[in-house]
Each structure stands twice: as structure tokens, then as C-alpha cells.
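Undergrad: I would like the entire structure built from these sequences, with the hints used as guidance.
Sequences listed follow chains A and B, in order. 1 is the number of the first residue of the first sequence in this note's numbering; add one for each residue after it. 1 is the number of the first residue of the second sequence in this note's numbering; add one for each residue after it.
Just so you know, these hints were derived from the structure itself, not from any lab. Idealized CB from N, CA, C, for every residue including glycine. Possibly wrong hints are sitting among the right ones.
Which chain A residues stay away from chain B? Per the calculated CB distances, all over 10 Å, these [unchecked claim]:
hint, residue
1, Val12
2, Pro107
3, Leu114
Mimicking EDC-like on lysine to aspartate or glutamate, the simulated pairs with C-alpha atoms at most 16 Å apart in a straight line are [said to hold, decoys possible]:
hint, chain 1, residue 1, chain 2, residue 2
4, B, Lys103, A, Glu44
5, B, Lys103, B, Glu3
6, A, Lys41, B, Glu3
7, A, Lys19, A, Glu67
8, A, Lys41, B, Glu5
9, B, Lys106, B, Asp81
10, A, Lys19, A, Glu102
11, B, Lys106, B, Glu5
12, B, Lys110, B, Glu15
13, B, Lys103, B, Glu5
14, A, Lys36, A, Glu84
15, A, Lys40, B, Glu5
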Amino acid sequence: ETGVTQTPRHLVMGMTNKKSLKCEQHLGHNAMYWYKQSAKKPLELMFVYSLEERVENNSVPSRFSPECPNSSHLFLHLHTLQPEDSALYLCASSQGSDSYNEQFFGPGTRLTVL
Amino acid sequence: KNEVEQSPQNLTAQEGEFITINCSYSVGISALHWLQQHPGGGIVSLFMLSSGKKKHGRLIATINIQEKHSSLHITASHPRDSAVYICAVTNYGGSQGNLIFGKGTKLSVKP
Chain A
1 ETGVTQTPRH LVMGMTNKKS LKCEQHLGHN AMYWYKQSAK KPLELMFVYS LEERVENNSV
61 PSRFSPECPN SSHLFLHLHT LQPEDSALYL CASSQGSDSY NEQFFGPGTR LTVL
Chain B
1 KNEVEQSPQN LTAQEGEFIT INCSYSVGIS ALHWLQQHPG GGIVSLFMLS SGKKKHGRLI
61 ATINIQEKHS SLHITASHPR DSAVYICAVT NYGGSQGNLI FGKGTKLSVK P
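TA: If you want it as C-alpha cells, here you go:
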């Protein structure tokens, strides 16, 4: 496996379900990101982890809970989501987390909340 | 009004045409990024620039800091260039890793 991988690629869940999105990077990077991409809206940064510590949380609702157990893995735990949370969720990684570090993106998880 | 505006929103071109996508921003920036998103979702970083011009193959990116404007050019366009092109900036004083994204320009190149 190379680059940034995400599983699952597609997920359909009910509002009462609990599920998790997984991201893994094979690039030796030390920063990882979760983004949300809704239809007709710009990408929105949700969380940033640098050296496994969360450094940015853009006022994301608590029904989204990130976890970064090590520098290669990032999870997004989902519970009691709303239909408006349906979107493409993208993971990215970089070496360092400042503005000059190129981010490498995964393929995304297409989430549908019924 | 979004801090990063792209035009056009949608663009259809014939194979071989020269293509220009524009990006204007309203904040002071430390870097500007051009990204490519293919159908299916994956995003690839094309360029990161803070001044002047960069070229990679058939792609050219320019930036004018005074005018707060950047352009992405594609020469000799090909159907495989069909994708959404996204402009993103990092503003002065912005949080770590915090990019501000445009809504993207959807390009379709017809054979």
C-alpha cells in the first residue's frame, strides 16, 4: 500500500448507528487531517493532528470524534449523525502541519446518513 | 462571500484547447495551492506557490500577489484532464494546516 488510504470507500448508516472511518498513511508523515466536502460547498477542515496531538478543531459537532493512535493512523468515530452530515470525508497527511507543507489526500469515504 | 472565489464554476472544452481557470482571494496569504479532484473523490496537489509562476508538464500556475489573483493554465487539453480544480490559500495568521478552499471549477474536456 502506498500513499493515503481510507476505508470504507462508501458507507450508508442510520441516524442511530455508530460507525468509524479509518485513514492510514504510508508516507512517514507526522500530521494528519480530516476534511468534509459537501455538495456545492468548499472543503471544510474538521480536525488536524500533529505528532498525534490534536492542534485544530474547527468547531465540529461532538457527534464526530477523532482518534489518532499513532502517526500513521487516524479515525473518525461517528454517532447519532444527521442527514445533513452526508458528504465526502477526506483524510490527508503532511510532513509538518504549517502552511508550506504539501498535503497528500486519500480517496475519501462517501457517507450517506439516512 | 467566500474568501476564495473561482471562475468559471463549470468549463467545457474541446480536446487540444488552451484552458484558463481563475482564482481570486480576499485575505493576505502565505501560500496558494492548486488541487485536482477526479471523479470518485481523490485529490492531488498540483502546485503550491507564493510568487511568480510554476510549470509542470502541460500545467502552468501563476500568481499576482498585488492583485490577489492566481490562474491555472492547461495547454493542449486532453479528456483525462477532466476533473474539478480547486484553489486553496493559507492566510497570514492562519492556524496550522488551515487551508481556505474555493468551491472548485469543474472541467470537462471532450474528445
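Undergrad: All the hints need checking, so say for each whether the structure fits it.
TA: Going down the list of hints, with the structure as the test:
The Cβ of A/Val12 sits about 16 Å from the closest Cβ of chain B, beyond the 10 Å cut-off, so the non-interface label holds. With a cut of 10 Å on Cβ distances, A/Pro107 falls inside the contact zone with chain B, its closest approach being about 4 Å. The beta carbon of A/Leu114 sits about 20 Å from the closest Cβ of chain B, which is more than 10 Å, so the claim that it is off the interface holds. For the proposed pair B/Lys103 and A/Glu44, the alpha carbon gap of about 10 Å is at most 16 Å, so the pair holds.
Proximity of B/Lys103 to B/Glu3 is assessed by CA-CA distance (about 10 Å); at most 16 Å being required, the pair is judged to hold. About 13 Å separates the Cα atoms of A/Lys41 and B/Glu3, which keeps this hinted pair within 16 Å; it holds. A threshold of 16 Å between alpha carbons decides the hint, and for A/Lys19 with A/Glu67 the separation of about 13 Å falls inside it, so the pair holds. Distance hint between A/Lys41 and B/Glu5 is fulfilled; the C-alpha atoms sit about 12 Å from each other, no more than 16 Å.
At most 16 Å may separate the alpha-carbon atoms for a hinted pair to count; B/Lys106 and B/Asp81 meet this at roughly 10 Å. Between the alpha carbons of A/Lys19 and A/Glu102 the distance comes to roughly 29 Å, so the proposed pair goes past 16 Å and is violated. Straight-line distance between C-alpha atoms of B/Lys106 and B/Glu5 comes to about 14 Å, which keeps the hinted pair within the 16 Å bound. For a cut-off of 16 Å, the pair hint linking B/Lys110 to B/Glu15 stands: about 6 Å separates their Cα positions.
Annotation: proposed proximity of B/Lys103 to B/Glu5 holds, straight-line Cα distance about 7 Å (limit 16 Å). Between A/Lys36 and A/Glu84, the direct Cα distance comes to roughly 12 Å. Compliance with the 16 Å bound is thereby established for this hinted pair. Under the criterion of a C-alpha separation no larger than 16 Å, the hint pairing A/Lys40 with B/Glu5 is consistent with the structure, at around 13 Å.
The structure is inconsistent with the numbered hints 2, 10, although it conforms to all the rest.
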